[in-house]
Amino acid sequence: MKGKAHCYPRDHINTDEIIPARYLNMDQEKDLAAHAMEDIDKTFVKKVHEGDFIVAGEDFGCGSSREHAVWALRGAGIQAVIAGSFARIFYRNCINNGFLAIECPEAVQKVHTGDNLTIDLKSGKILNETKQESYTFTPVPDFALQILESGGLMKTILQKVKA
Amino acid sequence: MGSTITEKILAAHSGRETVRPGELINAEIDVIMCHDVTTTPAIDLLKAHGNLHVAYPERVVIMPDHFVPNKDIKSAEMVAKIRRWAKEEKIEKFYEIGRHGVCHALLPEQGHVRPGTTIICGDSHTSTHGALGAFATGIGSTDLAAALATGELWFKVPETILFKINGTLQKGVFAKDVILEIIRRIGVDGALYKAMEFTGNVVEEFSVESRMTLCNMAIEAGAKSGIINPDDKTLDYVQSRSNEIFDVYTSDPDAEYSDVIDIDVSDLEPMVALPHLPSNGKPVSQIGNIPIDQAWLGSCTNGRIEDLRKAAAEIKGKKVAQGVRMIVVPATSDIWKQANREGLLDIFMEAGATVSAPTCGACLGGHMGILAAGERCISSTNRNFVGRMGSPESEVYLASPATVAASAIAGKIVNPNAYRQD
Numbered sequence: 000m001k002g003k004a005h006c007y008p009r010d011h012i013n014t015d016e017i018i019p020a021r022y023l024n025m026d027q028e029k030d031l032a033a034h035a036m037e038d039i040d041k042t043f044v045k046k047v048h049e050g051d052f053i054v055a056g057e058d059f060g061c062g063s064s065r066e067h068a069v070w071a072l073r074g075a076g077i078q079a080v081i082a083g084s085f086a087r088i089f090y091r092n093c094i095n096n097g098f099l100a101i102e103c104p105e106a107v108q109k110v111h112t113g114d115n116l117t118i119d120l121k122s123g124k125i126l127n128e129t130k131q132e133s134y135t136f137t138p139v140p141d142f143a144l145q146i147l148e149s150g151g152l153m154k155t156i157l158q159k160v161k162a
Numbered sequence: 000m001g002s003t004i005t006e007k008i009l010a011a012h013s014g015r016e017t018v019r020p021g022e023l024i025n026a027e028i029d030v031i032m033c034h035d036v037t038t039t040p041a042i043d044l045l046k047a048h049g050n051l052h053v054a055y056p057e058r059v060v061i062m063p064d065h066f067v068p069n070k071d072i073k074s075a076e077m078v079a080k081i082r083r084w085a086k087e088e089k090i091e092k093f094y095e096i097g098r099h100g101v102c103h104a105l106l107p108e109q110g111h112v113r114p115g116t117t118i119i120c121g122d123s124h125t126s127t128h129g130a131l132g133a134f135a136t137g138i139g140s141t142d143l144a145a146a147l148a149t150g151e152l153w154f155k156v157p158e159t160i161l162f163k164i165n166g167t168l169q170k171g172v173f174a175k176d177v178i179l180e181i182i183r184r185i186g187v188d189g190a191l192y193k194a195m196e197f198t199g200n201v202v203e204e205f206s207v208e209s210r211m212t213l214c215n216m217a218i219e220a221g222a223k224s225g226i227i228n229p230d231d232k233t234l235d236y237v238q239s240r241s242n243e244i245f246d247v248y249t250s251d252p253d254a255e256y257s258d259v260i261d262i263d264v265s266d267l268e269p270m271v272a273l274p275h276l277p278s279n280g281k282p283v284s285q286i287g288n289i290p291i292d293q294a295w296l297g298s299c300t301n302g303r304i305e306d307l308r309k310a311a312a313e314i315k316g317k318k319v320a321q322g323v324r325m326i327v328v329p330a331t332s333d334i335w336k337q338a339n340r341e342g343l344l345d346i347f348m349e350a351g352a353t354v355s356a357p358t359c360g361a362c363l364g365g366h367m368g369i370l371a372a373g374e375r376c377i378s379s380t381n382r383n384f385v386g387r388m389g390s391p392e393s394e395v396y397l398a399s400p401a402t403v404a405a406s407a408i409a410g411k412i413v414n415p416n417a418y419r420q421d
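Protein chains in written order, with numbering that gives the first Met the number 0: chain A, 0 to 162; chain B, 0 to 421.
This is chain A alone, in the form it adopts within the complex (with noise of 0.2 Å):
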């Protein structure tokens, strides 16, 4: 998984700011991706580009449960959030849709907007080209590597309701 990051490296990242309820009337990937992050940075959406990261501070995607914020991030190129923490609904919502949350505290204080990065999700580490360091993260767990396998949790369920 390569990518280009784009930090935000501020705490409490909350789901309002990610994709503000003004836009919840809606619930298609592609409606909600041209609002994601505006009200943090209007330019986001125009930045990014496809398979590029978020890298954010501690508790990211605090506040609604709404998955509009996952699907908004997706929808708009990015391939996976890494944050020092991330608030439990969120973190639920991205192992679901089988979008990848990485919890790697020390990529945020080293990554800067632009560095190119490789997850490697077997070994547990990023990669990162532009600055040649490496960083280590908390694995994720076996139970979400499965849902994020199989490609999120409808699919497994698909599974079970048909067997």
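Simulated from the structure, these hints should not be mistaken for lab results.
Beta carbons: idealized from backbone N, C-alpha and C, even for Gly.
A couple of the hints might just be wrong.
Unchecked claim - Take a look, some chain A residues computed to stay more than 10 Å from chain B by CB distance: (1) Thr42; (2) His48; (3) Lys109; (4) Leu120.
Unchecked claim - Here are some, though not all, of the chain B residues that point toward chain A, as calculated from beta-carbon distances under 7 Å: (5) Ser74; (6) Asp122; (7) Val187; (8) Tyr192; (9) Phe384.
Unchecked claim - Rough simulated footprint, nothing fancy, chain B against chain A, three-plus residues with beta-carbon under 8 Å: (10) 11-21; (11) 88-94; (12) 144-154.
Following the hints, put chain B in place on chain A, whose structure we already have.
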């Protein structure tokens, strides 16, 4: 070693004798609550994955509440989609406009919340229902879809922090002030992934409604759930609304907690959480002169009848300050009718406030009280993030209904005792 109430409920719902924090389980879900915003994506997910159907329609309760009465065409389409789906899936518990209400106020009021049950909703403030001794937690739309299709959901058993709240509350200090103080102390991620269990003489003396205010804001400390051991008040509340049988679980004296926090609230003043985090609480005497443009009373946190009574007691015979607009939103249709019977709505209207139909509306920047850039609102809601109630350049201050009402009269944020006659 004993178990907490949360561990007992989760064990009973996953076919286990006991469970311990950190274990991953699949738990049966007793009540799946659906509102407008997060349910339409869940319906799409079900249809996209082999056209899955609802496994147990009788466990589902639907109440559109966020963008209702529908504020625009998109909102109307959302609710219309849910209405069609509910009919297809033969879900009978659908609270249509006129019988509707803010989900976390309506669900317990209508007897759908019982001790010892598991409750989920695609809404973070689902923790409210822990006030009745249930395990209740907010989830996203995919979790919602999965639970609808299977009747169960995966959970990591949470550790529990026990909050012992003791002392004697001063006049003008309420459950909202207590929870704002707790969040001030532990921070917005102070209970991340954990259950917050509340006990102590103050909690025992609280009405069931006040207990809901405490549990409602557990999520604002990052918690998975808030919970209170059921007592006679709980049983009276539930049994006056439901004939269903339920099991009562309570925490063992030797249950293990990740932390025990003692709080004496005898010196607690009315609290105000300053922008832009619920943890920015300060005693009202220390915030200085903060003029307001709007006072908003309602929401799943503080839109119940006791909240309206407390606010009306502050405002009776007085006028909302010039230049301030006060918006009162009873949380459910039954609360609206009760407030009307008691003359509370007249008190608000005579004071120059306006009263709306039940809705989550302005709490999350939807409608019915959106703020312009530079405007400031004192609100009985639960969250004051940037742009929460409208413009990213507006400000929301969180406080109790009494503080909201007193501030509406003063035109600035004041201690509710400022106008007390007693």
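Q | Assertion that chain B covers the region 144-154 of chain A - criterion: three or more residues, beta-carbon distance below 8 Å | A | Holds, because 4 residues of the region 144-154 of chain A bring their Cβ atoms closer than 8 Å to Cβ atoms of chain B.
Q.
Just to be careful: measuring from the Cβ of Tyr192(B) to every Cβ in chain A, is the smallest value less than 7 Å?
A. holds (5 Å)
Q: Would you check chain B against the region 88-94 of chain A, counting CB to CB pairs closer than 8 Å, and say if three or more residues qualify?
A: This one holds; 3 residues, not fewer than the three required, reach chain B with a Cβ under 8 Å.
Q) Going by Cβ atoms, does Lys109(A) stay more than 10 Å from chain B at every point? A) holds (22 Å)
Q) Any CB of chain A closer than 7 Å to the CB of Ser74(B)? A) For Ser74(B), the interface hint holds, since the closest Cβ of chain A sits about 5 Å away, which is under 7 Å.
Q) Once the closest CB in chain B is found, is it more than 10 Å from His48(A)? A) Given that every Cβ of chain B is farther than 10 Å from that of His48(A), nearest at about 25 Å, it holds.
Q | Separation of Thr42(A) from chain B, once the least beta-carbon distance is taken, above 10 Å | A | holds (15 Å)
Q | Per-residue hint verdict: Phe384(B), partner chain A, C-beta under 7 Å | A | This hint holds: Phe384(B) lies near chain A, its Cβ roughly 5 Å from the closest one there, short of 7 Å.
Q | Val187(B) as an interface hint toward chain A, with CB separation required under 7 Å | A | holds (6 Å)
**Q.** Exclusion check [Leu120(A) not at the chain B interface, CB over 10 Å]
**A.** holds (19 Å)
**Q.** Outcome, coverage hint (the region 11-21 of chain A, chain B; C-beta under 8 Å; three residues)
**A.** holds (count 7)
**Q.** When the least beta-carbon distance from Asp122(B) to chain A is tested against 7 Å, hint result
**A.** holds (6 Å)
Checked against the numbered hints listed earlier, the structure breaks none of them; every hint is satisfied.
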